[in-house]
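Positions in the sequence shown are counted from 1; adding 930 to them yields my numbering.
No lab work stands behind these hints, which were simulated from the structure alone. For every residue, glycine included, the Cβ atom is placed at its ideal position computed from N, Cα and C. Any given hint could turn out to be false.
Ranges of calculated distance between the beta carbons of each label pair, as one might list FRET restraints [what the hints assert, rightly or not]:
hint	residue 1	residue 2	range
1	Tyr1014	Glu977	30 to 40 Å
2	Asp1015	Glu977	29 to 39 Å
3	Tyr1014	Gly951	17 to 27 Å
4	Ser1044	Ser950	16 to 26 Å
5	Leu1000	Ser1044	12 to 22 Å
6	Pro1028	Ile947	11 to 21 Å
7	Val968	Asn1034	20 to 30 Å
8	Gln967	Tyr997	11 to 21 Å
9	Asp1015	Tyr963	19 to 29 Å
10	Lys961	Lys1019	16 to 26 Å
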Amino acid sequence: MISLLRNKRKILVCNTIKNSGSVKKFDRPLKLYEHYQVTKTEADLEEFGKDAYIHLRIKTTASHLKYYNLGDRVYVDVKYPDKYDELAKDADYEVVKPPFKSFNECEVILKKRSGK
931 MISLLRNKRK
941 ILVCNTIKNS
951 GSVKKFDRPL
961 KLYEHYQVTK
971 TEADLEEFGK
981 DAYIHLRIKT
991 TASHLKYYNL
1001 GDRVYVDVKY
1011 PDKYDELAKD
1021 ADYEVVKPPF
1031 KSFNECEVIL
1041 KKRSGK
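Using the sequences and the accompanying hints, generate a full structural model.
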């Protein structure tokens, strides 16, 4: 599933700022090119149940894995912001599981934020 750069699509990742108080704040969006797809296999249906279709799976390289953390927000299907929004209100996906690294691939699971 990991493919050439020409086959990857642009996403913006907003990392969570540590120690930002009671309100969750995010860094400036980081532009990455990744290959992603909707979770739709039988194993995904068993794991997520009827909510499987609101998740995305990103297959990435080990060098890109450092850009993803639990709770980060990601712009995928929405218009990318013109100016910096520290609350990342318009981001349509959020990282819901810690990034997973196996022997030959790495994956990140995103969940669609409600109302986006």
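Cross-check of the supplied hints:
1. Tyr1014 <-> Glu977: 30 to 40 Å: 35 Å, holds
2. Asp1015 <-> Glu977: 29 to 39 Å: About 32 Å separates the Cβ atoms of Asp1015 and Glu977, which means 29 to 39 Å holds.
3. Tyr1014 <-> Gly951: 17 to 27 Å: This hint holds: roughly 18 Å between Cβ atoms.
4. Ser1044 <-> Ser950: 16 to 26 Å: 22 Å, holds
5. Leu1000 <-> Ser1044: 12 to 22 Å: 18 Å, holds
6. Pro1028 <-> Ile947: 11 to 21 Å: Since Pro1028 and Ile947 have Cβ atoms about 18 Å apart, the given range 11 to 21 Å holds.
7. Val968 <-> Asn1034: 20 to 30 Å: 22 Å, holds
8. Gln967 <-> Tyr997: 11 to 21 Å: 19 Å, holds
9. Asp1015 <-> Tyr963: 19 to 29 Å: About 22 Å separates the Cβ atoms of Asp1015 and Tyr963, which means 19 to 29 Å holds.
10. Lys961 <-> Lys1019: 16 to 26 Å: 19 Å, holds
Hint compliance for this structure: every hint is met.
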